[in-house]
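Student: Sequence:
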Amino acid sequence: PTLAEDLAHGCILIAQKQAEGVYNITGDDYMCIIDLVKKVAQYYQLDENLVKAISSSSLNQKAARPPKTHLLLDKAKRELGYNPSSFEEGLSILDVQIYARQHEE
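Using the working numbering, the letters of the sequence shown correspond one by one to residues 1 to 105.
Just so you know, the hints here were simulated from the structure itself, not pulled from any lab data. The hints are all genuine.
Simulated crosslink set (EDC-like; lysine to aspartate or glutamate; CA at most 20 Å straight-line):
{"id": "1", "residue 1": "K77", "residue 2": "D28"}
{"id": "2", "residue 1": "K39", "residue 2": "D29"}
{"id": "3", "residue 1": "K68", "residue 2": "D29"}
{"id": "4", "residue 1": "K17", "residue 2": "E79"}
{"id": "5", "residue 1": "K17", "residue 2": "D74"}
{"id": "6", "residue 1": "K39", "residue 2": "D95"}
{"id": "7", "residue 1": "K77", "residue 2": "E20"}
{"id": "8", "residue 1": "K77", "residue 2": "D29"}
{"id": "9", "residue 1": "K77", "residue 2": "E5"}
{"id": "10", "residue 1": "K75", "residue 2": "D29"}
Have a look at the derived ranges for each label pair, beta carbon to beta carbon:
{"id": "11", "residue 1": "Y44", "residue 2": "T69", "range": "23 to 31 Å"}
{"id": "12", "residue 1": "S58", "residue 2": "E20", "range": "40 to 48 Å"}
{"id": "13", "residue 1": "L94", "residue 2": "N49", "range": "18 to 26 Å"}
Just so it is clear, CB atoms sit at the ideal spot from N, CA and C, and this is done for glycine as well.
Produce the complete structure using the sequences and hints provided.
Tutor: This is the structure we're talking about:
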């Protein structure tokens, strides 16, 4: 998963360092979709047993999706000092944003 704030910060680091080349700017946590959804359910104290896995073939997508994807962040960490938020930190950030949005006047 990639938190928008981490992506923006990675872009700022690239600009500040005038870096050139390809950098993977994503979250550092690796998980499949079912685990991601269950972690969100746990965070919000929802019944994760309501979440059921399905096969991606049942989604009728035009292109096949790889079962596992993960990008290496070593270069971005080493050359840019990139340090993404953990998935749980990202949920906390989103929670604050959602709360603020709900309480805007």
